[in-house]
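Line by line, the protein sequences give chains A and B.
Per this note's numbering, residue 1 is the first one in the first sequence, and the count goes up by one each step.
Per this note's numbering, residue 182 is the first one in the second sequence, and the count goes up by one each step.
Calculated from the structure, these hints are not laboratory results.
Since we're looking at a predicted model, the values are computed, not measured.
Treat the hints with care, since some could be wrong.
To give an idea of the interface, some chain B residues facing chain A are shown, with a C-beta separation under 8 Å as derived from the structure [what the hints assert, rightly or not]: (1) V187; (2) L198; (3) A224; (4) A230; (5) M237; (6) S240; (7) E241; (8) M245; (9) Q246; (10) V252; (11) P393.
Cut-off 30 Å, straight-line C-alpha distance, at most; resulting in silico cross-link-like pairs (DSS-like, lysine-lysine) [as the list claims (entries may be wrong)]: (12) B/K242 - B/K229; (13) A/K162 - B/K215; (14) B/K242 - A/K162; (15) B/K366 - B/K242; (16) B/K242 - A/K61.
Think of the CB as a built atom: it goes at the ideal place given N, C-alpha and C, for glycine as much as any other residue.
For reference, the chains in residue letters:
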Amino acid sequence: MTTPAQDAQLLARVAEGDHEAFTEIMRTHQDRVFGVCLRILADRETALDATQDTFLTALRKAHQFQGNSAVGTWLYRIAVNTCYDILRRTKRRPTESLPDYLDFVDPAAEDAVASAAHRHEILTALNNLPPEFRAAVVLSDIEGMALPDVALALGIPVGTVKSRVFRGRRLLALHLGEPNS
Amino acid sequence: MRRHQVELIAALAEGRLEDESEARALIASSPRAKAAYEAQVHALESLKALSGPLEMTESEKSAMQRDIWTVLTAEKSVPATKERNPSALLGYATAGIFVIGGLFVAMNLLGPGSGATASMDMGVRSTTEDGAPSQTPELSSDSVERLSTLADRARTGVLRYTDEIAAAKDDLEKCLEDAGLFGYKPEGAFSDGGMAYVLAVPEESEIGPATPIAMVDRGSCSVVYRDD
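Okay, chain A solo, but in the shape it has when bound (with noise of 0.2 Å):
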């Protein structure tokens, strides 16, 4: 892992053309994106193209860094972007099928979620929020990012993220029904 301090020289390296510090980058940030896209696509072909595709766009754009953010923030405001892009281009449709990475189990929600139906549950509310609610939700809520961090990750005033996950939170519940039906 590299410190943000780390992250902001290999991108400035890589403003100058250094693959090599691009190649550093990929590696130490290339699964947390791949995560974003996968959580806002739902969908692992479509996630690994949108990962591709934020690579890509932050290289072309390295050089535009104004060093604002942490690089990884920088990198997940091109993801969210991306992936509203595909969404936007496919028009995609909340998924019913299984998603393949339903096989990730955390253990310390296994208790909480006894059952792989019920992680498609979660899963398939999660796919049916606005994508704007959708990606606050899953920066904040799955991801665990500070509010702060969510609002440059997405370009919007903090004020409007604390809403998005407020109100994303509330249509999840909705589509989910009661907590012990």
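On the provided structure of chain A, position chain B as indicated by the hints.
For chain B alone, coordinates are given in the frame of chain A:
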């Protein structure tokens, strides 16, 4: 609900409040606030099931890295007259790799001599009549640019030396010797535009993004491209 109330309820659900009395009083006094709080808690509890890292497989990572360099190299090799669609570029590049791969297999089957005709067709000078190492032929700027692009592709893993051409290694080494390219080893061989080339790197080097590359015309065994 007012903004302050919304933030209070969200903070209570997230467990961020040091003093929960105001928030507790709110949800105790308002059924709407209580329902909103329960929805927040329900959503947060449910989302825990989805937390944790999602990782790409090693093969997905390798493929992504390879594809990115392929796109970038393809972009370098096309005129910048209009914006290109990266997916289309990837398609062109992938198609090119298959063509090059196919030609390479054909060249292996035909042997090194088969490239001689091709090099003559292109006008590249062949080995001298007295058998001395040939001189680097004069190439057009377009050809040099093309070879430079191919060198980039080789550096980024698209044109790798593989065991499939191990059988031809002796021939390739001899071709480098004939070209007077000492201190280099054959990294692979490939064909492009009807020409067959040996790809060479310094003996102590493994091919990578910064490795100097030389290319030798396989027919004439003359150096046609060199980075350094």
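Status of the hints after comparison with the structure:
1. Of the supplied interface hints, the one on B/V187 holds, with its beta-carbon coming within about 5 Å of a beta-carbon of chain A, less than 8 Å.
2. Because the smallest distance between the Cβ of B/L198 and any Cβ of chain A comes to about 15 Å, over 8 Å, the interface hint for this residue is violated.
3. Interface hint status for B/A224: upheld, as the beta-carbon distance to the closest one in chain A is roughly 4 Å, under 8 Å.
4. A hinted interface residue such as B/A230 counts as satisfied when its beta carbon comes closer than 8 Å to some beta carbon of chain A; here the least separation is about 4 Å, so the hint holds.
5. Contact between B/M237 and chain A, as hinted, is supported at the beta carbon level, the nearest pair being about 5 Å apart and thus within 8 Å.
6. Residue-level restraint check for B/S240 is violated (minimum Cβ-Cβ distance to chain A is 11 Å; threshold 8 Å).
7. Checking B/E241 against chain A: minimum C-beta separation of about 6 Å stays under 8 Å; hint holds.
8. Below 8 Å, beta-carbon pairs count as interface contacts, and B/M245 has one with chain A at about 5 Å; its hint therefore holds.
9. For the restraint placing B/Q246 at the interface with chain A, the shortest Cβ-Cβ distance is roughly 7 Å, inside the 8 Å limit, so the hint holds.
10. Because the closest C-beta pair between B/V252 and chain A is about 6 Å apart, less than 8 Å, the hint holds.
11. Among the interface hints, the one on B/P393 is violated; its C-beta lies about 15 Å from the nearest C-beta in chain A, farther than the 8 Å criterion.
12. Between B/K242 and B/K229 the CA atoms are separated by roughly 27 Å; this keeps the pair inside 30 Å, and the hint holds.
13. At most 30 Å may separate the alpha-carbon atoms for a hinted pair to count; A/K162 and B/K215 meet this at roughly 18 Å.
14. For the hint pairing B/K242 with A/K162, the CA-to-CA distance comes to about 34 Å; that exceeds 30 Å, so the pair is violated.
15. Only pairs whose Cα atoms come within 30 Å are accepted, and B/K366 paired with B/K242 is accepted, the gap being roughly 29 Å.
16. Distance hint between B/K242 and A/K61 is fulfilled; the C-alpha atoms sit about 21 Å from each other, no more than 30 Å.
Taken one by one, the earlier hints fail for this structure at numbers 2, 6, 11 and 14, listed in ascending order.
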